[in-house]
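K.L.:
Please build the complete structure, drawing on both the sequences and the hints.
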Amino acid sequence: MKVLQCVVCGFIYNEVDGLPEEGIAPGTAWADIPADWACPDCGVAKADFDMVEI
Amino acid sequence: MKPIIVLGSGLAGYTVVRELRKLNREIPITMISQDSGDYYSKPTLSNAFAQGKAPAALVLTSAEAMEKQLGITLLTHCKVNAIHRLTRQLDTSAGLLDYDRLVLAAGADPIRIPVQGDAADAILSVNDLADYAHLRDQLEGAKTVAIMGGGLIGCEFANDLAIAGFKVHVIDPGPYPLAGLLPEQAGCQLLEPLSKMGVTWHFGSAVHSMNASDTGYALTLTDNSTIKADLVLSAVGLRPRTQLAREAGLIVNRGIVVDDQLRSSDAAIYALGDCAEIDGRVLPFVLPIMQAGRALAKVLNGEDAKVVFPYMPVVVKTPAHPVAVSPVARDAAGAWQVLASGQGIKMGFFNPQNQMTGFSISGEFTAERNEMTKLLVTI
Numbered sequence: 001m002k003v004l005q006c007v008v009c010g011f012i013y014n015e016v017d018g019l020p021e022e023g024i025a026p027g028t029a030w031a032d033i034p035a036d037w038a039c040p041d042c043g044v045a046k047a048d049f050d051m052v053e054i
Numbered sequence: 055m056k057p058i059i060v061l062g063s064g065l066a067g068y069t070v071v072r073e074l075r076k077l078n079r080e081i082p083i084t085m086i087s088q089d090s091g092d093y094y095s096k097p098t099l100s101n102a103f104a105q106g107k108a109p110a111a112l113v114l115t116s117a118e119a120m121e122k123q124l125g126i127t128l129l130t131h132c133k134v135n136a137i138h139r140l141t142r143q144l145d146t147s148a149g150l151l152d153y154d155r156l157v158l159a160a161g162a163d164p165i166r167i168p169v170q171g172d173a174a175d176a177i178l179s180v181n182d183l184a185d186y187a188h189l190r191d192q193l194e195g196a197k198t199v200a201i202m203g204g205g206l207i208g209c210e211f212a213n214d215l216a217i218a219g220f221k222v223h224v225i226d227p228g229p230y231p232l233a234g235l236l237p238e239q240a241g242c243q244l245l246e247p248l249s250k251m252g253v254t255w256h257f258g259s260a261v262h263s264m265n266a267s268d269t270g271y272a273l274t275l276t277d278n279s280t281i282k283a284d285l286v287l288s289a290v291g292l293r294p295r296t297q298l299a300r301e302a303g304l305i306v307n308r309g310i311v312v313d314d315q316l317r318s319s320d321a322a323i324y325a326l327g328d329c330a331e332i333d334g335r336v337l338p339f340v341l342p343i344m345q346a347g348r349a350l351a352k353v354l355n356g357e358d359a360k361v362v363f364p365y366m367p368v369v370v371k372t373p374a375h376p377v378a379v380s381p382v383a384r385d386a387a388g389a390w391q392v393l394a395s396g397q398g399i400k401m402g403f404f405n406p407q408n409q410m411t412g413f414s415i416s417g418e419f420t421a422e423r424n425e426m427t428k429l430l431v432t433i
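In order, the protein sequences belong to chains A and B. By the working numbering, the letter at position 43 of the first sequence is numbered 43, and the numbering carries on one by one without gaps. By the working numbering, the letter at position 204 of the second sequence is numbered 258, and the numbering carries on one by one without gaps.
Read the hints as simulated data drawn from the structure, not as lab findings. Careful: at least some of the hints might be erroneous.
Claimed, not checked - Mimicking DSSO-like on lysine-lysine, the simulated pairs with C-alpha atoms at most 27 angstroms apart in a straight line are:
| no. | chain 1 | residue 1 | chain 2 | residue 2 |
| --- | --- | --- | --- | --- |
| 1 | A | K46 | B | K96 |
| 2 | B | K221 | B | K371 |
| 3 | B | K96 | B | K122 |
| 4 | B | K352 | B | K122 |
| 5 | B | K352 | A | K46 |
| 6 | B | K96 | B | K221 |
| 7 | B | K133 | B | K122 |
| 8 | B | K96 | B | K352 |
| 9 | B | K76 | B | K122 |
| 10 | B | K76 | A | K2 |
| 11 | B | K76 | B | K360 |
| 12 | B | K197 | B | K282 |
| 13 | B | K371 | A | K46 |
| 14 | B | K76 | B | K96 |
| 15 | B | K76 | A | K46 |
| 16 | B | K96 | A | K2 |
| 17 | B | K133 | B | K96 |
| 18 | A | K46 | B | K122 |
| 19 | A | K2 | B | K107 |
| 20 | A | K46 | B | K428 |
| 21 | B | K197 | B | K96 |
| 22 | B | K360 | A | K46 |
| 23 | B | K282 | B | K250 |
| 24 | B | K250 | B | K371 |
| 25 | B | K107 | B | K250 |
| 26 | B | K56 | B | K76 |
| 27 | B | K122 | A | K2 |
| 28 | B | K107 | A | K46 |
Claimed, not checked - From chain A, some residues computed to sit far from chain B (all C-beta separations above 10 angstroms):
| no. | residue |
| --- | --- |
| 29 | K2 |
| 30 | V3 |
| 31 | G18 |
| 32 | T28 |
| 33 | A29 |
| 34 | D32 |
If you're wondering where the values come from, they're calculated on a predicted model, not measured in any experiment. Virtual Cβ for every residue (Gly too), placed ideally from N, Cα, C.
P.N.:
And the structure:
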């Protein structure tokens, strides 16, 4: 399980926790998140920004 | 080889450099920052206080790490005095610098509304990380905060400071919160949730005077009512930083005028971000900056690219009642319609052909942001 961070706004996505409030179940791999998903904090699309493993 | 010089180390400056480096590791790039050059996300400044975040905790990547990662020369705490277009040089506090091409990503200054009184100079605004640090210092021991402006930044600060336990006054000449972005029914959704947290709204009014009193500041509003506050924060909007460009003879309107390739009236000078007016629009939001940064990186790399703005919903960080909006131009033909309501409201803006060209969703409906964006008609 990985933890990733939006380089634009610093939003952190933890695969263990998922994002239940966004409809993403705990344990969802980053790779399995739909391409049209957008960062809940800054709105940048998944495909449009770099995530760095931290 | 003379470098591309990027003036400004905010989201705009760093995005264009990051994108250009994906395409080209060779072109020499110099970035000039008037502050430390640390990379942070400016939108977090208006919702970091309640999380107890110290300024240093907002830095995502230090200036040194950015310099190394991006392979650039970074000049920090450097002031630019003038652009000499004929010789392609910048006159700076670090000396004369030659540029091959120049990218202006200088950002914007907070608009200051003239206020009478002996304490008007104490009005704060938060436009960068140092301002945020100053705000945190000033909030020490304060109990009541008056915020000038009930727009996006004003509402975000109001919500954040209310969470942190402050009593907050919001003063705005408009009729309801977020009036520049939202239809009335949507904006009014914020009134009660924030009132319950300790926010007092003062619409149709502005701060006339601010004087020191024994217990802080005494404000008199234009409707003659009075407020006592320990701190006054101004969040009434931004004005593009255009002075250097103007003095250098570039065409400047509201912002530095650039075309859809981000090129100014001087073919060697480009602009993006809060200081730029792209095809007639000043768009001081994250998504347009990302789009412009990517397009400009290609242009600087010699590719034939143009910036295209898709629909770019704006998220308002008011957890008491979250809002997402895909705004419509003030003069757009059409009307807002309520699509659903409950714990929040879902509204669409429909043009005369009955096509949805904008939306506003709040409360429980904000989770539908992606779906709503897909429903917007492409024009």
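K.L.:
Compare the structure with each hint and give your call.
P.N.:
The hints, checked one at a time:
1. With a CA separation close to 20 angstroms, the supplied pair K46/A and K96/B stays within the 27 angstroms bound.
2. Of the pairs offered as hints, the one joining K221/B and K371/B holds, with about 19 angstroms between alpha carbons and a cut-off of 27 angstroms not exceeded.
3. A distance of roughly 22 angstroms separates the Cα atoms of K96/B and K122/B; the hinted pair therefore holds under the 27 angstroms criterion.
4. At most 27 angstroms may separate the alpha-carbon atoms for a hinted pair to count; K352/B and K122/B meet this at roughly 22 angstroms.
5. In summary, the hint linking K352/B to K46/A is supported, as the alpha carbons are separated by about 20 angstroms, within the 27 angstroms threshold.
6. Between K96/B and K221/B the CA atoms are separated by roughly 24 angstroms; this keeps the pair inside 27 angstroms, and the hint holds.
7. Restraint check: the Cα-Cα separation between K133/B and K122/B comes to about 22 angstroms, which is no more than 27 angstroms; the hinted pair holds.
8. Between K96/B and K352/B the CA atoms are separated by roughly 25 angstroms; this keeps the pair inside 27 angstroms, and the hint holds.
9. For the hint pairing K76/B with K122/B, the CA-to-CA distance comes to about 14 angstroms; that is within 27 angstroms, so the pair holds.
10. The straight-line distance between the Cα atoms of K76/B and K2/A is roughly 24 angstroms, inside the 27 angstroms bound, and the hint therefore holds.
11. The straight-line distance between the Cα atoms of K76/B and K360/B is roughly 18 angstroms, inside the 27 angstroms bound, and the hint therefore holds.
12. Using a Cα cut-off of 27 angstroms, the hinted pair K197/B and K282/B holds, with the two alpha carbons roughly 10 angstroms apart.
13. Annotation: proposed proximity of K371/B to K46/A holds, straight-line Cα distance about 20 angstroms (limit 27 angstroms).
14. For a cut-off of 27 angstroms, the pair hint linking K76/B to K96/B stands: about 23 angstroms separates their Cα positions.
15. Taking the CA atoms of K76/B and K46/A, the gap is about 17 angstroms. The hint holds against a cut of 27 angstroms.
16. In summary, the hint linking K96/B to K2/A is supported, as the alpha carbons are separated by about 26 angstroms, within the 27 angstroms threshold.
17. For the proposed pair K133/B and K96/B, the alpha carbon gap of about 21 angstroms is at most 27 angstroms, so the pair holds.
18. The straight-line distance between the Cα atoms of K46/A and K122/B is roughly 25 angstroms, inside the 27 angstroms bound, and the hint therefore holds.
19. Distance hint between K2/A and K107/B is fulfilled; the C-alpha atoms sit about 24 angstroms from each other, no more than 27 angstroms.
20. Taking the CA atoms of K46/A and K428/B, the gap is near 15 angstroms; set against the 27 angstroms cutoff, the hint holds.
21. Note on K197/B and K96/B: the hinted pairing holds, with a Cα-Cα distance of about 25 angstroms set against a maximum of 27 angstroms.
22. The suggested pairing of K360/B with K46/A holds, with an alpha-carbon distance near 22 angstroms, which does not exceed 27 angstroms.
23. For the suggested pair K282/B and K250/B, the alpha carbons sit about 20 angstroms apart, so the restraint of at most 27 angstroms is met.
24. The hinted pair formed by K250/B and K371/B meets the criterion: a straight-line CA distance of about 17 angstroms does not exceed 27 angstroms.
25. At roughly 24 angstroms between alpha-carbon atoms, K107/B and K250/B fall within 27 angstroms of each other, so this suggested pair holds.
26. At most 27 angstroms may separate the alpha-carbon atoms for a hinted pair to count; K56/B and K76/B meet this at roughly 20 angstroms.
27. Of the supplied pair hints, the one linking K122/B and K2/A holds, its CA atoms being roughly 25 angstroms apart against a limit of 27 angstroms.
28. Straight-line distance between C-alpha atoms of K107/B and K46/A comes to about 26 angstroms, which keeps the hinted pair within the 27 angstroms bound.
29. Every C-beta of chain B lies more than 10 angstroms from that of K2/A, the closest at about 18 angstroms, which supports listing it as non-interface.
30. In this structure V3/A is separated from chain B by more than 10 angstroms, as the shortest Cβ-Cβ distance comes to about 14 angstroms.
31. For G18/A, the requirement that its beta carbon stay farther than 10 angstroms from each beta carbon of chain B is met, with the minimum near 14 angstroms.
32. The non-interface label for T28/A is consistent with chain B: the shortest C-beta to C-beta separation is roughly 16 angstroms, beyond 10 angstroms.
33. With 10 angstroms as the threshold on Cβ separation, the claim that A29/A sits away from chain B holds: the shortest Cβ distance comes to roughly 19 angstroms.
34. At roughly 16 angstroms from the closest C-beta of chain B, the C-beta of D32/A stays outside 10 angstroms, upholding its exclusion from the interface.
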